[in-house]
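Enquirer: In case you want the letters, here they are:
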Amino acid sequence: MIQEDMLITGQRSLADQIFELKLRGKLAANVSEPGQFVHIRVNGQSGSVAPILRRPISICSRDRAKEEITLIFRSGGLGTDLLKEAEPGERLDVLGPLGHGFPVRDIHDMKKAVVIGGGVGVPPLYGLSAELVKKGVSVLSILGFRSAKDVFYKKEFEELGETVIMTEDGTSGIRGRVTDVLDGMDFDVAYACGPLPMLKAVQRKVSDRPLYISMEQRMGCGIGACLACVVHTTDQNDSKGYRRVCSDGPVFRAGEVELC
Amino acid sequence: MLAVHLPGLDLKNPVMPASGCFAFGAEYGNLYDLNKLGAIIIKAATLEPRFGNPTPRVAETPCGMLNAIGLQNPGVDKIISNELTRLAGYDVPIIANIAGSEMSDYVETAEKMSLNPVVKALELNISCPNVRHGGITFGTVPEIAAELTERVKAVSKKPVYVKLSPNVTDITAMAQAVEEAGADGLSMINTLLGMRIDIKTQKPILANKTGGLSGPAIKPVAIRMIYEVSQKVRIPIIGMGGIQSADDVIEYFLAGASAVAVGTANFADPFVCPKIIDDLPEKLKAMHVTDINELVGRSWKACAKKNESSLR
Numbered sequence: 001m002i003q004e005d006m007l008i009t010g011q012r013s014l015a016d017q018i019f020e021l022k023l024r025g026k027l028a029a030n031v032s033e034p035g036q037f038v039h040i041r042v043n044g045q046s047g048s049v050a051p052i053l054r055r056p057i058s059i060c061s062r063d064r065a066k067e068e069i070t071l072i073f074r075s076g077g078l079g080t081d082l083l084k085e086a087e088p089g090e091r092l093d094v095l096g097p098l099g100h101g102f103p104v105r106d107i108h109d110m111k112k113a114v115v116i117g118g119g120v121g122v123p124p125l126y127g128l129s130a131e132l133v134k135k136g137v138s139v140l141s142i143l144g145f146r147s148a149k150d151v152f153y154k155k156e157f158e159e160l161g162e163t164v165i166m167t168e169d170g171t172s173g174i175r176g177r178v179t180d181v182l183d184g185m186d187f188d189v190a191y192a193c194g195p196l197p198m199l200k201a202v203q204r205k206v207s208d209r210p211l212y213i214s215m216e217q218r219m220g221c222g223i224g225a226c227l228a229c230v231v232h233t234t235d236q237n238d239s240k241g242y243r244r245v246c247s248d249g250p251v252f253r254a255g256e257v258e259l260c
Numbered sequence: 001m002l003a004v005h006l007p008g009l010d011l012k013n014p015v016m017p018a019s020g021c022f023a024f025g026a027e028y029g030n031l032y033d034l035n036k037l038g039a040i041i042i043k044a045a046t047l048e049p050r051f052g053n054p055t056p057r058v059a060e061t062p063c064g065m066l067n068a069i070g071l072q073n074p075g076v077d078k079i080i081s082n083e084l085t086r087l088a089g090y091d092v093p094i095i096a097n098i099a100g101s102e103m104s105d106y107v108e109t110a111e112k113m114s115l116n117p118v119v120k121a122l123e124l125n126i127s128c129p130n131v132r133h134g135g136i137t138f139g140t141v142p143e144i145a146a147e148l149t150e151r152v153k154a155v156s157k158k159p160v161y162v163k164l165s166p167n168v169t170d171i172t173a174m175a176q177a178v179e180e181a182g183a184d185g186l187s188m189i190n191t192l193l194g195m196r197i198d199i200k201t202q203k204p205i206l207a208n209k210t211g212g213l214s215g216p217a218i219k220p221v222a223i224r225m226i227y228e229v230s231q232k233v234r235i236p237i238i239g240m241g242g243i244q245s246a247d248d249v250i251e252y253f254l255a256g257a258s259a260v261a262v263g264t265a266n267f268a269d270p271f272v273c274p275k276i277i278d279d280l281p282e283k284l285k286a287m288h289v290t291d292i293n294e295l296v297g298r299s300w301k302a303c304a305k306k307n308e309s310s311l312r
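First to last, the protein sequences are chains A and B.
1 is the number of the first residue of the first sequence in our numbering; add one for each residue after it.
1 is the number of the first residue of the second sequence in our numbering; add one for each residue after it.
There may be inaccurate statements among the hints.
[To be verified] The following residues of chain B were derived to be distant from chain A, with all beta-carbon distances above 10 angstroms:
hint: 1; residue: Leu-31
hint: 2; residue: Asn-35
hint: 3; residue: Arg-57
hint: 4; residue: Ile-69
hint: 5; residue: Arg-151
hint: 6; residue: Val-168
hint: 7; residue: Glu-179
hint: 8; residue: Gly-297
[Stated by the list, open to error] Label-pair ranges, simulated between beta-carbon atoms:
hint: 9; chain 1: A; residue 1: Gly-76; chain 2: B; residue 2: Lys-203; range: 12 to 22 angstroms
hint: 10; chain 1: A; residue 1: Gly-76; chain 2: B; residue 2: Phe-51; range: 28 to 38 angstroms
hint: 11; chain 1: A; residue 1: Asp-5; chain 2: B; residue 2: Gly-89; range: 42 to 52 angstroms
hint: 12; chain 1: B; residue 1: Asp-77; chain 2: A; residue 2: Asp-186; range: 45 to 55 angstroms
hint: 13; chain 1: B; residue 1: Ile-199; chain 2: A; residue 2: Ala-148; range: 24 to 34 angstroms
hint: 14; chain 1: B; residue 1: Thr-201; chain 2: A; residue 2: Asp-186; range: 36 to 46 angstroms
hint: 15; chain 1: A; residue 1: Arg-204; chain 2: B; residue 2: Lys-203; range: 24 to 34 angstroms
hint: 16; chain 1: B; residue 1: Thr-201; chain 2: A; residue 2: Gly-241; range: 22 to 32 angstroms
hint: 17; chain 1: A; residue 1: Gly-76; chain 2: B; residue 2: Pro-62; range: 28 to 38 angstroms
hint: 18; chain 1: A; residue 1: Gly-136; chain 2: B; residue 2: Thr-210; range: 28 to 38 angstroms
hint: 19; chain 1: B; residue 1: Pro-49; chain 2: A; residue 2: Gly-136; range: 30 to 40 angstroms
hint: 20; chain 1: B; residue 1: Pro-62; chain 2: A; residue 2: Gly-170; range: 36 to 46 angstroms
These aren't lab readings, by the way, just hints derived from the structure by calculation.
Please read all numbers here as calculations on a predicted model, not as lab measurements.
We treat Cβ as the ideally placed atom computed from N, Cα and C, and that holds for glycine.
Start from the sequences, fold in the hints, and give me the full structure.
Expert: Here you go:
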């Protein structure tokens, strides 16, 4: 993990309130797993104190050759509204890569993976899917959004494998929720990232095969010191009884932590 | 130039991370050499392990943040066996923050901690706003604070610094009460009780509803309180609240602090403590100050001198 003033190499709007940001720097080389995140100081070059806390944003993908990471975030908050105004050529104070991502090293006997994403939880699954495909795993992506205006990265996921788009109002893809189409799907391992109700529903459906979930939580330090982002372990006899989303996670094996 | 000597604490510089913002140093120790720090005030220890409050535990505010962690810690015994053993490898004084629900908890925890050779001083947390029992009541009633200080002093093998709550009407009364009870120093200030409400859900953001406000937003409150208290007590004050630069450190010294702790700023910039330490000598040189101790209370000392001369 390093702190670096990374160069913004691109910023574009992908969907309603959804932005894609590209950052170049040494930090990119340190990314070890898809699903890790960066902690960004969003006060820009203003020198302003506010906002005081960094913003955790998951890494969507990493281009080792270009020394570049791609982030996708949703605006609408104090920090993300500032971040969407950041322009190519400017620099951003970035701490990372942080946390533990999706385990992709021990997948030798896995042939088929399903990735399940909801809204702004979709981005880390793109880097994951790319990594899995590189390792010869076939990836089925089930991506849920509220409405057609919220859909992003459809083409990018389709290039990696079969992709099912779901919207709550049916304006794009299939009407319904990601869990509606999980029954009868053929896969060896599942990965999910999205809102808590979605993760809970996925965990109920995928009980017979390995499932990894990426959690979201309000964070302070982002490196495991402040204990703002803790979650209970499901194992009552666990020696610590909790996990830190920022440093023990954000990705956990399903059942390791309580989803509440 | 930066060395500071306080009861139990020979500090190479007066800058230390504040309790609760630095855990037990392991995470920040991966980022820089902890030996650079003046001292480390480790996260509060209680007699039994505590999980703390439900999440969300933090909420950002203008120029600050609210937290309601709820004293999560593995308990004094595990802290001693795991954390202090690791910290023993550093050449940096450790100040152990002690919290509890009952007076007897504090006493037992303080005694255990003070026996450890790594611990150079105790910081008595009588001001955590985020636990239902104890904490805050110990910090708002001078008689109770004094009794607790006396009982902890009776068992502690190390100097005791009492961390005062700003959530009181008269901070000097609290300070004087614990000084009379035998406190070796003061830590000022703990967080200010606050709340944020989410306008979408129309409910408080923090699961605990209220939380402790920290960060630059509270610095003027801390400066004022240290300015007042330092003129009324003879024991040294470790100042804290919103410090994020060498200039802030100097302001705290001028108010009457003899050392400082940095809390929330570690989250914005994990390297802030070493940066401040590196920046201080140049700042002092520019002020023609050769020893940072010269600055302690200068804001009111200079004022007192002027009054004297005008009387003559």
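Enquirer: For each hint, tell me whether it holds in the structure or not.
Expert: Hint check:
For Leu-31/B, the shortest C-beta to C-beta distance to chain A comes to about 7 angstroms, within the 10 angstroms cut-off, and the non-interface label is violated. No Cβ of chain A approaches the Cβ of Asn-35/B within 10 angstroms, the least distance being about 18 angstroms, so the stated non-interface status holds. Under the 10 angstroms C-beta cut-off, the non-interface status given to Arg-57/B relative to chain A is violated; the minimum distance is some 5 angstroms. Distance to chain A contradicts Ile-69/B as a non-interface residue, since its nearest Cβ pair spans about 5 angstroms, not more than 10 angstroms.
Chain A leaves Arg-151/B outside its interface by the beta-carbon criterion, the shortest separation being 29 angstroms against a cut-off of 10 angstroms. With a cut of 10 angstroms on Cβ distances, Val-168/B stays outside the contact zone with chain A, its closest approach being about 25 angstroms. Non-interface status of Glu-179/B relative to chain A is upheld: no Cβ of that chain comes within 10 angstroms, the nearest being about 31 angstroms off. With a least CB separation of 27 angstroms from chain A, Gly-297/B remains clear of the 10 angstroms interface cut-off, as annotated.
Roughly 19 angstroms separates the CB atoms of Gly-76/A and Lys-203/B, a value that falls within the hinted 12 to 22 angstroms. In this structure the supplied range 28 to 38 angstroms holds for Gly-76/A paired with Phe-51/B, their Cβ-Cβ distance being about 32 angstroms. With their beta carbons about 32 angstroms apart, Asp-5/A and Gly-89/B fall outside the hinted range of 42 to 52 angstroms. In this structure, Asp-77/B and Asp-186/A meet the distance hint of 45 to 55 angstroms, their C-beta atoms being roughly 51 angstroms apart.
For the pair Ile-199/B and Ala-148/A, the beta carbons lie near 28 angstroms from each other, so the given range of 24 to 34 angstroms is met. Separated by about 40 angstroms at the C-beta atoms, Thr-201/B and Asp-186/A satisfy the suggested range of 36 to 46 angstroms. Separation of Arg-204/A from Lys-203/B is about 27 angstroms and conforms to the stated range, judged on CB atoms against 24 to 34 angstroms. Between Thr-201/B and Gly-241/A the C-beta distance comes to about 28 angstroms, which sits within the given range of 22 to 32 angstroms.
Distance hint for Gly-76/A and Pro-62/B: a CB-CB separation of about 18 angstroms, inconsistent with the stated range 28 to 38 angstroms. A hinted range of 28 to 38 angstroms is violated for the C-beta pair Gly-136/A and Thr-210/B, which are about 53 angstroms apart. For Pro-49/B and Gly-136/A, the hinted distance range of 30 to 40 angstroms is not satisfied, since their beta carbons lie about 45 angstroms from each other. In this structure, Pro-62/B and Gly-170/A meet the distance hint of 36 to 46 angstroms, their C-beta atoms being roughly 41 angstroms apart.
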